[in-house]
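Student: Below are the chains, spelled out letter by letter.
2 protein chains.
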Amino acid sequence: MGTDTQFDFVENGSVTSPLGFLACGVIAGLKKNKAPDLAMIESETECSFAATFTSNLFPAAPVQYDREICANSPKIRAVVANSGVANACTGLDGYNNAKRMAELTAGALSVPVGQVMIASTGRIGVQLPMDLIENGIREAAKSLTHNGGSSAAHAIMTTDTRPKELAVSFPVGDRIVTIGGMCKGAGMIAPKMAVAPHATMLCFLTTDADIDNALLSELLGNAVEASFNHITVDNDMSTNDTVILMANGASGAKIGKGSEAAEHFAEALGMVTEHLARSIVFDGEGVTKFVTVEVTGAASERDAELAARAIANSPLCKTAWFGCDPNWGRILAAAGYSGAVFSQENVSLDFDELPVVRGGLDAGTPESELAELMKRREFTVKIDLGEGEASATIWTSDFTYEYVKINADYHT
Amino acid sequence: MGTDTQFDFVENGSVTSPLGFLACGVIAGLKKNKAPDLAMIESETECSFAATFTSNLFPAAPVQYDREICANSPKIRAVVANSGVANACTGLDGYNNAKRMAELTAGALSVPVGQVMIASTGRIGVQLPMDLIENGIREAAKSLTHNGGSSAAHAIMTTDTRPKELAVSFPVGDRIVTIGGMCKGAGMIAPKMAVAPHATMLCFLTTDADIDNALLSELLGNAVEASFNHITVDNDMSTNDTVILMANGASGAKIGKGSEAAEHFAEALGMVTEHLARSIVFDGEGVTKFVTVEVTGAASERDAELAARAIANSPLCKTAWFGCDPNWGRILAAAGYSGAVFSQENVSLDFDELPVVRGGLDAGTPESELAELMKRREFTVKIDLGEGEASATIWTSDFTYEYVKINADYHT
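Chains as they are written, first to last, in this note's numbering: chain A, 1 to 412; chain B, 1 to 412.
Hints should not be assumed to be uniformly reliable.
Note that identical chains are pooled: a pair holds if it fits in a single copy or bridges any two copies.
Said to hold, decoys possible - Okay, derived cross-link-like pairs now, BS3-like style, lysine-lysine, Cα gap no bigger than 27 Å in a straight line: (1) LYS375 x LYS75; (2) LYS405 x LYS382; (3) LYS375 x LYS142; (4) LYS405 x LYS257; (5) LYS32 x LYS75; (6) LYS32 x LYS382; (7) LYS405 x LYS375; (8) LYS257 x LYS375; (9) LYS142 x LYS32; (10) LYS375 x LYS32; (11) LYS75 x LYS31; (12) LYS99 x LYS382; (13) LYS142 x LYS257; (14) LYS32 x LYS257.
If you are wondering where the hints come from, they were derived from the structure by calculation, not from laboratory data.
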């Protein structure tokens, strides 16, 4: 970071903010409530691309299909995604339906079938209703517009309460490069893309930079690791997690490996993915609080990450946050069973600006003050293990009645 | 197993069912609701003993103290335990208070201080009110009786809704050996004692067998591994988990390593610990369902265990069980991210007698039938990974509004 370029958040930014992209969302009829459920993004020209997927051993059919596209296609033109049905655990029929989604889209857009990527999110174990998908794709292909980004962002929502999208732009020489993004995800959230994915999290990123597949892959991997791989709502990893980044070069700005422009691109991409990742937590199922768990002073990065994830995923910590209960013993207990190595007498804990634990013991801040602080919509739990220099940050949420309600009622 | 001895569940069995043990529970005043909160068990004679403790890096003061007793004392006579305050994260003062609990008990019972073990459960980070403890111990020492087991079992309860206790007896030659036990635990439950403990789980076991420390340790380790280490309510490991087994030899039955009697003892001990472990899950915070997760066909025991624990701890699986939602995709997804290695097309899933998944796909059982089955108070989720011969079983519960309520309100 620390480069001195100007980064701008684009007003009403979306995947259609970069030049040369069209998008839309339509009602294919997969959702009972007749909300938009099929999104399409098309670039006017061929795109370089990069993608990362769930590491779940039950990858959904669209994930399997997309992996083949990644292996065989140097360029793509379009992405189509449906919500309502995940097309996961659907066997050969599911795979053929996934392939058919791509073929139908390629046909409707008159682009090569190898240049279409697909994604699905929704219920596992159910076959796609292909008649609805077929009509939806035909409808979508006719509905694409240069300002359809927001409409697409609505169509990939499941239990999300709001669409998640933005765009960031920055100069490269006399050109302006824009990166747009949208994502969905509210439950089954603990993505560890490529590195080790969880969660039904779909994210589509577009840019008008001119940048090759190899560099895109590297930059996307770093951005995803620093953002989506550091959020957790329920520690449940999905079968469908997908992140796709398309670059069509329409800005005329060429970005090469090792250049200052590549650094700026990395920074802007990081802004987009961090914003989207945080939006997922903020909009997590039943979430009332956004909690940043920051572990410092760990002996190793692995220890820092173990401790941060144990705290961020502890049902006891998460329910205490929901109840504004400064029950810090639960946080220390979670660090204590995380597998991280440290000595309890060296541990410090803070909630934002208030000291909670010093030397493993109560720091003496009145509980009423801590409880008051916890009423904030967003706060940071900072724990220092007093062992070394390594650190890790995980963004997480509280655990509420509403989460239980949403997930006990999801199906019925 | 498979020995042909007669094992009997003792009517109203408790820690005072074995010969030569006294116990009681009294009101020391640590709990706001003035429920019994201090338990004491004393043997009329010195006991061989074995114990296992939490592996949490924040071991509570009583755990630290007891470890010293284990290292230094060949025999013990008594155990004292309080609920209400965990005496964890309490530093040197906490340690001195723990030691004082042992000294007060030794004094009141006129036994050597090195022969008293202690345990605490309740809120972390708070010092024990030693005036109340002192009065409670004095009161308890006067209240011990040969049928006080049930009274003691009540006094160690925290969010438990009922006491958990039993006793099993079996013949050794012309003698009858009895093993009694009691435990508490409802939240912070995912013990992995010694091996890798979680949960505030206290368990006290008594027997009138004559059996040495080494054999007791071995048998206790096996029994705990097969019982308490295979339950999970919330995957939160406590700072205070403690299991203590005392053997006073009052039955006159000597049990030596490698004997048939030792096999019978192991079997009876397993019956006691399994019963107590299952009781903890049944009485877990907010629990409405007892779910046995059985993984078979795994490539290794580690894989079987990884898959079983991922399913048993998945908030999405647990909320679906609460809602009687046969959303089997969540179960497969949890197995898929568990780290266990397998191929999705070989996976089978059953709920009790109903097939759910065959070859990674919907087995075709109507969802209404599955939903009906899930109304059972207890059912088994059986997943076969189709890779090998290894298996694992974890006992777990659903995840409910009530769990959130209990844990968001615990403190206030």
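Student: So, against the hints stated earlier in the document, which numbers end up violated here?
Tutor: Result: hints 1, 3, 4, 5, 6, 8, 11, 12, 13, 14 break, sorted rising.
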